[in-house]
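Colleague: Residue-level listing of the chains:
There are 2 protein chains.
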Amino acid sequence: MENTTTPSKRTGGRSAAVIHNVRTAVEELVEEKGQDRVTVPMIAERAGVNPTSIYRRWGDLPTLINDIATYQLDPSRPLPERGDLRADLTEWARELGEHYRNPVNAALLRGGASAAGERQSNCLRNRRIEANLLLERYPDASITDDDILDTVVAPIVYRVIFLPWTLEDTTAEHLVARLFH
Amino acid sequence: MENTTTPSKRTGGRSAAVIHNVRTAVEELVEEKGQDRVTVPMIAERAGVNPTSIYRRWGDLPTLINDIATYQLDPSRPLPERGDLRADLTEWARELGEHYRNPVNAALLRGGASAAGERQSNCLRNRRIEANLLLERYPDASITDDDILDTVVAPIVYRVIFLPWTLEDTTAEHLVARLFH
Numbered sequence: 040m041e042n043t044t045t046p047s048k049r050t051g052g053r054s055a056a057v058i059h060n061v062r063t064a065v066e067e068l069v070e071e072k073g074q075d076r077v078t079v080p081m082i083a084e085r086a087g088v089n090p091t092s093i094y095r096r097w098g099d100l101p102t103l104i105n106d107i108a109t110y111q112l113d114p115s116r117p118l119p120e121r122g123d124l125r126a127d128l129t130e131w132a133r134e135l136g137e138h139y140r141n142p143v144n145a146a147l148l149r150g151g152a153s154a155a156g157e158r159q160s161n162c163l164r165n166r167r168i169e170a171n172l173l174l175e176r177y178p179d180a181s182i183t184d185d186d187i188l189d190t191v192v193a194p195i196v197y198r199v200i201f202l203p204w205t206l207e208d209t210t211a212e213h214l215v216a217r218l219f220h
Numbered sequence: 040m041e042n043t044t045t046p047s048k049r050t051g052g053r054s055a056a057v058i059h060n061v062r063t064a065v066e067e068l069v070e071e072k073g074q075d076r077v078t079v080p081m082i083a084e085r086a087g088v089n090p091t092s093i094y095r096r097w098g099d100l101p102t103l104i105n106d107i108a109t110y111q112l113d114p115s116r117p118l119p120e121r122g123d124l125r126a127d128l129t130e131w132a133r134e135l136g137e138h139y140r141n142p143v144n145a146a147l148l149r150g151g152a153s154a155a156g157e158r159q160s161n162c163l164r165n166r167r168i169e170a171n172l173l174l175e176r177y178p179d180a181s182i183t184d185d186d187i188l189d190t191v192v193a194p195i196v197y198r199v200i201f202l203p204w205t206l207e208d209t210t211a212e213h214l215v216a217r218l219f220h
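Keeping their order, the protein sequence lines are chains U and W.
Sequential numbering from 40 applies to the first sequence in the numbering used here.
Sequential numbering from 40 applies to the second sequence in the numbering used here.
Hints listed in this document are in silico derivations from the structure and should not be mistaken for laboratory results.
Please note that the accuracy of each hint is not assured.
Each pair may be met inside one copy or between any two copies, as identical chains are not told apart.
Said to hold, decoys possible - Cross-link-like lysine to any residue pairs, in silico, SDA-like; alpha carbons within 25 Å at most:
(1) Lys72 - Ile182
(2) Lys72 - Arg121
(3) Lys72 - Glu120
(4) Lys72 - Ala126
(5) Lys72 - Asp184
(6) Lys72 - Arg116
(7) Lys72 - Thr183
(8) Lys72 - Arg164
(9) Lys72 - Pro101
(10) Lys72 - Ser115
(11) Lys72 - Ala216
(12) Lys72 - Leu100
(13) Lys72 - Asp179
(14) Lys72 - Thr102
(15) Lys72 - Pro203
(16) Lys72 - Asp99
(17) Lys72 - Glu212
(18) Lys72 - Val88
(19) Lys72 - Ser181
(20) Lys72 - Glu84
(21) Lys72 - Leu118
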């Protein structure tokens with residue numbers, strides 16, 4: 040239950056609990072009902088928060104779905120640190136593939152895709168930030184963030200959306216190998 | 040108005056007219072109302088066909104949307120023939136990018152994305168068929184259809200869905216260059 044005098048973007052304490060409860064509610068409801076049958080009032084009820092708290096924080100359902108779809112790939116988590124760009128990227132790509140092999144995350148990404156286009160996707164923005172954090176460690180690499188997005192992230196996202204059964208244990212390694220070939 | 044004794048998969052004459060009218064109706068309605076507000080009865084009315092004709096041919100709305108989203112990239116159209124794999128692929132990729140710079144086609148692709156995952160996408164299947172047709176002309180090329188899908192098609196589709204404003208005149212050329220670098 041969010042106190043309305045609390046700034047809605049505060050990330051500690053009660054606010055963090057709201058985010059956590061809303062995220063769990065969305066994941067459960069998507070799994071139970073399918074992503075197109077989930078509504079904001081339904082999420083609010085399950086999370087034990089007021090619908091207005093959801094609208095205030097996320098604006099609308101597509102934004103919420105987009106946000107939740109990538110929440111587990113928390114941009115503040117530690118990134119792989121193997122001392123080698125190729126190894127770091129491979130592990131990072133493997134994490135991304137693993138995340139989306141969970142059918143709930145894949146369904147949420149598809150939902151986010153249908154709502155995307157007019158707004159910048161958090162999924163994309165966070166992956167680009169991370170690609171740049173990895174690149175910063177290796178200033179001599181001749182690879183750019185666009186190369187990583189196009190060659191590694193795009194094929195994973197494309198498979199998640201259109202061909203989830205082609206995501207394999209070796210996909211990340213293959214894609215990163217292509218980047219270095 | 041489709042005669043119910045006509046095999047529903049016949050592609051000439053009346054059947055072709057039904058497909059054409061349904062396609063036009065979907066494009067107009069998506070542009071007017073946005074993709075999530077379009078329904079089968081609405082399409083049927085606009086196209087002057089019975090809703091059952093639509094259900095019989097396409098099964099459901101997501102399949103219809105998926106189908107229509109890629110109809111203009113008719114798989115029987117002539118493919119570029121420049122006598123050089125790189126030139127052919129560049130022209131082919133440019134065509135794909137051009138197709139999806141039309142906001143209606145992009146919206147339809149996003150709609151198809153949200154319905155994809157459980158079924159094979161026509162968009163993807165047709166692009167793979169075409170990639171193989173192009174490759175067959177150049178048996179000495181060391182490129183595979185997977186390379187083309189991952190390196191050229193996936194980044195275009197990814198941009199169309201999540202970052203349409205980054206699709207530029209030079210995108211196709213850049214992506215194909217990466218394949219040959």
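Colleague: Could you run down the list of hints and mark each one as holding or not?
Modeller: Comparing the hints with the structure gives:
no., hint, verdict
1, Lys72 - Ile182, "neither (42 Å within a copy, 42 Å between copies)"
2, Lys72 - Arg121, "neither (41 Å within a copy, 50 Å between copies)"
3, Lys72 - Glu120, "neither (39 Å within a copy, 48 Å between copies)"
4, Lys72 - Ala126, "neither (39 Å within a copy, 47 Å between copies)"
5, Lys72 - Asp184, "neither (37 Å within a copy, 37 Å between copies)"
6, Lys72 - Arg116, "neither (30 Å within a copy, 41 Å between copies)"
7, Lys72 - Thr183, "neither (41 Å within a copy, 39 Å between copies)"
8, Lys72 - Arg164, "neither (29 Å within a copy, 29 Å between copies)"
9, Lys72 - Pro101, "both (16 Å within a copy, 17 Å between copies)"
10, Lys72 - Ser115, "neither (30 Å within a copy, 39 Å between copies)"
11, Lys72 - Ala216, "neither (39 Å within a copy, 44 Å between copies)"
12, Lys72 - Leu100, "both (15 Å within a copy, 19 Å between copies)"
13, Lys72 - Asp179, "neither (49 Å within a copy, 50 Å between copies)"
14, Lys72 - Thr102, "both (19 Å within a copy, 20 Å between copies)"
15, Lys72 - Pro203, "within (20 Å within a copy, 30 Å between copies)"
16, Lys72 - Asp99, "both (19 Å within a copy, 19 Å between copies)"
17, Lys72 - Glu212, "neither (34 Å within a copy, 43 Å between copies)"
18, Lys72 - Val88, "within (20 Å within a copy, 32 Å between copies)"
19, Lys72 - Ser181, "neither (46 Å within a copy, 46 Å between copies)"
20, Lys72 - Glu84, "within (15 Å within a copy, 30 Å between copies)"
21, Lys72 - Leu118, "neither (33 Å within a copy, 43 Å between copies)"
Checked against the numbered hints above, the structure violates hints 1, 2, 3, 4, 5, 6, 7, 8, 10, 11, 13, 17, 19 and 21; every other hint is satisfied.
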